[in-house]
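Asks: Each chain is listed here by its residues.
Number of protein chains: 2
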Amino acid sequence: MPDIARLSINLATVRERWTMAEALEGCARHGIPAVAPWRDQIAAMGLKAASRRVRELGLKVSGVCRGGMFPAATPEGIAEANADNLRALEEAVELDAACLVLVVGGLPDGSRDLAGARAMVEDGIAALLEQALKAAMPLAIEPLHPMYAADRACVNTMAHALDICDRLGAGVGVACDVYHVWWDPALEAGIRRAGMDRLLAFHICDWLKTTSHLLLDRGMMGDGVIDIPLIRSWVEGEGFDGFHEVEIFSKDNWWKRDPDEVLATCIERHRTVC
Amino acid sequence: MPDIARLSINLATVRERWTMAEALEGCARHGIPAVAPWRDQIAAMGLKAASRRVRELGLKVSGVCRGGMFPAATPEGIAEANADNLRALEEAVELDAACLVLVVGGLPDGSRDLAGARAMVEDGIAALLEQALKAAMPLAIEPLHPMYAADRACVNTMAHALDICDRLGAGVGVACDVYHVWWDPALEAGIRRAGMDRLLAFHICDWLKTTSHLLLDRGMMGDGVIDIPLIRSWVEGEGFDGFHEVEIFSKDNWWKRDPDEVLATCIERHRTVC
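These protein sequences, in sequence, are chains C and F.
Start counting the first sequence at 1; every next residue gets the next number (my numbering).
Start counting the second sequence at 275; every next residue gets the next number (my numbering).
Heads up, a few of these hints could be off.
Claimed, not checked - Here are the simulated BS3-like pairs of lysine-lysine, each with C-alpha atoms no more than 30 Å apart in a straight line:
| # | chain 1 | residue 1 | chain 2 | residue 2 |
| --- | --- | --- | --- | --- |
| 1 | C | 251 | C | 60 |
| 2 | C | 209 | F | 483 |
| 3 | F | 334 | C | 209 |
| 4 | F | 525 | C | 256 |
| 5 | F | 483 | F | 525 |
| 6 | C | 251 | F | 483 |
| 7 | F | 525 | F | 334 |
| 8 | C | 251 | F | 525 |
| 9 | F | 334 | F | 322 |
| 10 | C | 60 | C | 256 |
| 11 | F | 530 | C | 251 |
| 12 | C | 256 | F | 483 |
| 13 | F | 525 | C | 209 |
| 14 | F | 530 | F | 483 |
Read the hints as simulated data drawn from the structure, not as lab findings.
Kindly produce the complete structure, drawing on both the sequences and the hints.
Replies: Take a look at the structure:
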């Protein structure tokens, strides 16, 4: 079972009750070596202050959440998304993140053109890639669960993400979040196809058999049905040696609890069931 | 755009306010040529009475919902599921249904063994197939949306369903429900691979961009983001000439409305946006 040295906390997990500054202190206090902040958290704290505090506390950054959201209904919308992604890249660089996570976006308002949205995603990543390569910041496409295809991410399988990676070349890989991909009968093959060089992040939480909300009812590791050790064995079998990043959106349960209890539970579950 | 002669109503669409008898009358009154009942509706009306009324009204049955739910935690549970599937088969035969739809089941209680559940599904279908072939009743595996992988169906893509069909041979095909598969980048290829002989049912409704409930918030055709004409063109491009079966679970909207209004809306939307 994994050691705390491999644990990272995605700061969404404690976002309802802690500021980013409090969350950084909290993780350091619990001996958790890494974090993954969201951009609104970074903005609220201030990029420079956030970056300074991360370094002072000796924390690593397993990823910045998130770039992406490429498709738009107008050329202006697309240009805006591209500009915003360049800012996300700068933030990831300033924080010395392992990668910039890309949640690629869904269908533009009023559109049913899924193939068109997917083409916009690929164009958007291609546009960002040049700067990302210069900055040596890996871009991690995160395939999201198919239930988010319309509103959040129209890339929903490892295979699709890797098709995009194949076409774009070096500098782009994938983030493997067990919540999004656990159901996929082609997951093991996808992880093998990604290989060490393209496995840029590994996110954990659990799928609750009775899920009450499409976005905000993720489970703590061990409370659901995902065989996390199995998926971890596939990822690490490829040589992945990055962090196991816990990312839990849970409005009626974990977000309501004392964040110190949440972190203690993450540490315990990571050690015992992951 | 399609003609009403191709329309079928899955009776779940009007189940909250009409009995099966009322629903059969209602469909006939609206000039809808086909229906697809659920087994609890059939049981409530009585199989013989239901079958008689369907014939009297000149209705076709585009499918019976549903067989399946194969995985279980114990051998007794599996035997029970197999016995129940034989009863489902008899009902489909008595109703002269175009197929028995299989919602294959998810993980047994307490299990995280997805591969094991999938093996149980295949064993269960194989066990049912012998009788189904004798009765000349096609079995239609319905890949369900991946958000149901844990609790309802661990077969979630056309490709996976067709892998099972390939292994089991004649007598097994697929039900293509746009709600479950619209997001799949491999959908067109899957439909082509299925081919006319294995495309046994085509179900329609819509995915609402803002979906409030994992099970009971399906949209009316035209209210969501699915490009139904595109998917229909793929299915009919293979030669499928069966019904377009409307299946809408919608506890806060369509289930609350007057079923006559619901049927009138189905007819109008089928004609104009499908």
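Asks: Among all the numbered hints in the text so far, which are the ones the structure does not match?
Replies: 3
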